[in-house]
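Colleague: Sequence:
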Amino acid sequence: MWFKRITTLILILTSAVALAESDISGSTDSKALDRFRGSYIVEYDRQAAIDYLLPLGSIEKVNGAERPEKAERLSGKLTRITYRIPEGHRTREVYEFFSEQLAAQRAETLFSCRGRECGSSAYWANQIFDRSKLYGVERSQYYHVASLPGLTVVMYIIERGNLRLYAHLDLIETDAAARIVTTLSQVGYVDLAVDELPTEDVLQQLEPRLASFNRSAVVVVHHQGENLADAQEKSEATANELRALLNDNGLRHVAVKALGALAPSVLGNSQLKVVLVAGSDKP
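The sequence shown begins at 0 in numbering that gives the first Met the number 0 and counts up one residue at a time.
Treat the hints as calculated values from the structure; they're not laboratory data.
Hints are supplied without guarantee of correctness; some may be wrong.
Think about it this way: if two alpha-carbon atoms lie no more than 35 Å apart in a straight line, the pair counts; the simulated DSBU-like pairs of lysine-lysine are [stated by the list, open to error]: (1) Lys-132 <-> Lys-60; (2) Lys-76 <-> Lys-281; (3) Lys-69 <-> Lys-132; (4) Lys-256 <-> Lys-281; (5) Lys-30 <-> Lys-69.
Could you build all of it, start to finish, from the sequences and the hints given here?
Modeller: This is the structure we're talking about:
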């Protein structure tokens, strides 16, 4: 009996740990950067339109007030992702992991600092990122800003006093079409929309870029359902809507395919994903 009780307790504790280390509902990774191994998303937010203050300098104190030494404003769509990093790692290791990915994509570094030269961690956490859990030990912090086509990546990594590590990403999409076509060219596929249809504004921006793209393109619709047949039916219905939408925005040459729920790894926790996939070279 005692063995059974202990076994049950272990299973309960194991389940609790597994649950605690799963991504929060509705969150997803950025297509621009892979997550650090073993990490999970603890905070996530998306804003369709924002006036974003982009610090391009350390935090300084002037007449008793703290502020970035240099900053500019961006307008675009903001995605905020905060990862909890597994124990046993250091902020430098996490910083190098992300910065190497940016370097591989030939991202332009706009500003970078580390440790106490970045300034007040409390200011970064509360005033810049609005994430109190990012307030930590200043000597451990890293801040990095990089530019990709149509996308500005802001990275902040910190270790708290309790030794918990966090990596935070702000991704400001300033030119959706540029980001989509660049990713399509480099990776071969890119999400057009998640849990919604692509906007007409994005499709209109895509039309001239895809017309000059050196490969054909196919839009693939993935949809959840009660079963495979239901998922396929929903996917076909969405595909028909998309065909009309593409046609209205000058993208008649882009084929649309419905895949239903036959690629569960693509859907993840999402109900709907619309993915643009690069095809063969144009003649």
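Colleague: The structure should be examined with respect to each hint, and the outcome stated for every one.
Modeller: Verification of the supplied hints:
Annotation: proposed proximity of Lys-132 to Lys-60 holds, straight-line Cα distance about 22 Å (limit 35 Å). Distance check on the hinted pair: Lys-76 and Lys-281 sit about 32 Å apart at the alpha-carbon level, within 35 Å; holds. Of the supplied pair hints, the one linking Lys-69 and Lys-132 holds, its CA atoms being roughly 24 Å apart against a limit of 35 Å. For a cut-off of 35 Å, the pair hint linking Lys-256 to Lys-281 stands: about 19 Å separates their Cα positions.
Simply put, Lys-30 and Lys-69 have alpha-carbon atoms about 28 Å apart, close enough for the 35 Å limit, and the pair holds.
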